[in-house]
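Protein chains: 2
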Amino acid sequence: MSVAKSITLSLDGMGGDDAPDIVLDGIALARKRHPDVRYLLFGDEAVLTPLLEKRYKTLRDIVTLCHAPDVVTNNDKPSVALRTGRNSSMAQAIRAVKDHRADGVVSAGNTGALMAMAKIALRTLPGIDRPAIAALMPTQRGESVVLDLGANTECNANNLVEFALMGTLFARSLLDLENPTVGLLNIGEEEQKGRNEVKEAATILRETVGVVNFAGFVEGDDIGIGTVDVVVTDGFTGNVALKTMEGTAKVMSRFLKEAFKSSFLAQIGYLLARPAMNRVRHRTDPRRYNGAMFLGLNGIVVKSHGGTDGLGFANAIGVAVDMVRHGFNERINTELNKLHAQSVSSEVHAI
Amino acid sequence: MSVAKSITLSLDGMGGDDAPDIVLDGIALARKRHPDVRYLLFGDEAVLTPLLEKRYKTLRDIVTLCHAPDVVTNNDKPSVALRTGRNSSMAQAIRAVKDHRADGVVSAGNTGALMAMAKIALRTLPGIDRPAIAALMPTQRGESVVLDLGANTECNANNLVEFALMGTLFARSLLDLENPTVGLLNIGEEEQKGRNEVKEAATILRETVGVVNFAGFVEGDDIGIGTVDVVVTDGFTGNVALKTMEGTAKVMSRFLKEAFKSSFLAQIGYLLARPAMNRVRHRTDPRRYNGAMFLGLNGIVVKSHGGTDGLGFANAIGVAVDMVRHGFNERINTELNKLHAQSVSSEVHAI
Chain D
83 MSVAKSITLS LDGMGGDDAP DIVLDGIALA RKRHPDVRYL LFGDEAVLTP
133 LLEKRYKTLR DIVTLCHAPD VVTNNDKPSV ALRTGRNSSM AQAIRAVKDH
183 RADGVVSAGN TGALMAMAKI ALRTLPGIDR PAIAALMPTQ RGESVVLDLG
233 ANTECNANNL VEFALMGTLF ARSLLDLENP TVGLLNIGEE EQKGRNEVKE
283 AATILRETVG VVNFAGFVEG DDIGIGTVDV VVTDGFTGNV ALKTMEGTAK
333 VMSRFLKEAF KSSFLAQIGY LLARPAMNRV RHRTDPRRYN GAMFLGLNGI
383 VVKSHGGTDG LGFANAIGVA VDMVRHGFNE RINTELNKLH AQSVSSEVHA
433 I
Chain Y
83 MSVAKSITLS LDGMGGDDAP DIVLDGIALA RKRHPDVRYL LFGDEAVLTP
133 LLEKRYKTLR DIVTLCHAPD VVTNNDKPSV ALRTGRNSSM AQAIRAVKDH
183 RADGVVSAGN TGALMAMAKI ALRTLPGIDR PAIAALMPTQ RGESVVLDLG
233 ANTECNANNL VEFALMGTLF ARSLLDLENP TVGLLNIGEE EQKGRNEVKE
283 AATILRETVG VVNFAGFVEG DDIGIGTVDV VVTDGFTGNV ALKTMEGTAK
333 VMSRFLKEAF KSSFLAQIGY LLARPAMNRV RHRTDPRRYN GAMFLGLNGI
383 VVKSHGGTDG LGFANAIGVA VDMVRHGFNE RINTELNKLH AQSVSSEVHA
433 I
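Residue numbers (the numbering used here), protein chains in the order written: chain D, 83 to 433; chain Y, 83 to 433.
Be a bit skeptical, because a hint or two may be false.
[Said to hold, decoys possible] Each computed SDA-like pair below joins lysine to any residue, with the alpha-carbon atoms no more than 25 Å apart:
1. Y:K139 with Y:A110
2. D:K332 with Y:R223
3. Y:K343 with D:A331
4. D:K339 with Y:Y352
5. D:K332 with Y:R336
[Stated by the list, open to error] Computed far set for chain Y versus chain D, every beta-carbon distance over 12 Å:
6. P132
7. T146
8. T206
9. N261
10. A297
11. N419
Don't read these hints as lab results, they were simulated from the structure.
Note that the Cβ used here is the ideal one computed from N, Cα and C, for glycine as well.
Work out the full structure: start from the sequences and follow the hints.
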């Protein structure tokens with residue numbers, strides 16, 4: 083019998099619109115699901131100490147306060163944050179992972195700065211050219227992984243193949259799927275359609291059997307339908323698709339709200355249907371899907387939505403815990419080696 | 083007082099999943115809104131004649147049947163359709179525009195083949211490098227134009243600038259807006275974010291004042307919110323965004339339907355709220371937004387969704403009628419000249 087290793091996460095206490103409250107609320111909620119996890123909380127002592135004291139009973143034995151005087155704001159350019167943010171809560175929380183004082187870091191702060199700092203401090207995993215941002219999205223069938231959500235505005239075929247591999251392992255860890263299906267986002271399902279790098283990536287994925295369960299091209303509507311478990315695309319397209327989904331869902335909710343208010347009968351109808359409507363709201367609640375993972379770095383880095391609340395932050399903590407528990411980064415190494423071995427043998431074969 | 087010119091449209095009678103029925107139903111419905119429009123209906127006489135006879139009273143004085151023995155199917159590659167489809171209903175309907183027998187063409191057939199055939203037969207307008215596909219989408223504020231929806235998988239900055247100009251004129255014609263706002267789709271609103279071609283296009287649009295009312299970058303969720311009247315992007319991203327919207331709307335409707343069926347009370351609630359729910363359905367009905375225009379060709383070409391019905395096809399006919407009435411292509415020439423004059427003068431200024 084193996085003894086479960088205890089997990090420590092480092093948290094950026096000052097990142098996010100309503101930080102540090104969302105972070106402390108998040109820890110309190112996460113404790114119920116993951117009682118054994120410990121936290122290093124980085125931020126301004128003067129701000130954090132009184133807030134921690136208020137939650138003394140819940141948090142005292144699991145949170146260690148670590149003073150970091152500076153804050154990276156949402157308006158800081160990544161390059162500026164890198165130069166001037168060494169003493170920020172974000173940079174120090176990342177450093178704790180680098181120094182093996184923590185198993186992973188969670189931040190609701192500036193995405194670009196977090197990626198830039200994490201890349202420099204942790205470096206990419208051997209064999210991975212570019213890290214990618216991955217997250218779960220609600221679908222008709224359940225949940226799917228989508229990546230890249232914005233780390234790379236342009237990608238070549240090899241980047242997309244690496245994303246397919248990392249997405250596969252991410253889906254295994256988070257969705258408990260043995261052999262998740264992977265689709266490349268394209269503008270048609272036919273082989274001749276789409277961008278060259280997408281077509282090339284498809285060719286490579288078709289040839290490297292056994293590593294990625296490649297299901298071919300998928301289109302924008304397949305994300306919501308849940309046609310595949312992992313949707314792979316470049317960071318520009320993925321970011322637009324993610325935000326388009328969010329926007330469409332918001333607009334439809336708004337239309338519904340207006341409709342339910344439009345007549346007395348509709349208002350009564352709403353009251354009767356409310357428990358059912360709440361289930362729909364729960365099913366598509368963005369807080370449930372909060373926690374985007376920076377895949378391909380030599381350390382677990384999870385980005386929470388900046389505008390989330392305690393429940394959302396607790397879910398982001400949950401993503402980091404799952405990734406540590408599943409030994410995500412160790413698995414990437416193993417699978418990359420398999421993939422490279424196949425590429426080499428298929429090149430040899432081609433000669 | 084000017085006498086309104088009578089309009090003739092040529093229709094591909096065989097394109098679309100349920101053609102030719104959707105086409106004939108579409109003409110019958112369009113007649114109510116546009117009683118003066120005449121139609122050249124291209125397709126197999128043996129198939130169309132009996133169907134026309136059934137609708138003899140409604141259609142006899144506005145439809146002229148033109149025999150075209152062949153059909154371009156949805157599975158035909160554009161290159162194959164070009165080589166072998168000369169006698170197809172699609173090719174002949176396009177040719178009627180080229181020969182000035184019709185003012186515009188509407189088809190619910192294969193998009194790639196329609197674009198390829200239209201490009202070769204009609205050519206692009208002088209000064210336009212690449213045609214783009216544009217359509218209206220429902221937003222919280224009303225409707226917006228989005229382009230390109232799939233004609234160009236990759237675009238440079240100049241292509242995007244041309245799309246911004248064509249989208250402006252399209253919004254003026256279809257939405258009756260004097261000075262529509264234009265946004266470039268990007269993955270952040272800050273100037274330093276995004277792809278190079280998008281950033282370059284923004285610089286050009288900021289410098290050429292007066293032609294395009296440029297409002298800066300927008301993100302995926304701005305499409306649904308309706309932040310700007312015209313959203314400009316490359317055909318890959320635009321197609322993914324369009325289909326992601328459609329998919330999200332479908333999934334949310336499905337979730338709602340399941341919720342309303344989940345309990346007796348919810349079912350009663352649904353019955354009471356049904357008129358209000360129907361208004362939501364109407365507001366987001368894809369048939370209302372059917373009819374994508376191929377902008378930048380030397381002729382009006384409108385693509386109907388293949389899976390639409392008569393009502394949807396009638397709306398596609400309406401788009402073509404609007405474009406002809408507004409003298410869309412003549413206006414593009416005038417505005418392009420203004421734009422080029424400005425670019426030249428700003429280059430001179432730079433020296």
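May I ask which of the numbered hints given earlier this structure violates, with the numbers listed in increasing order?
none
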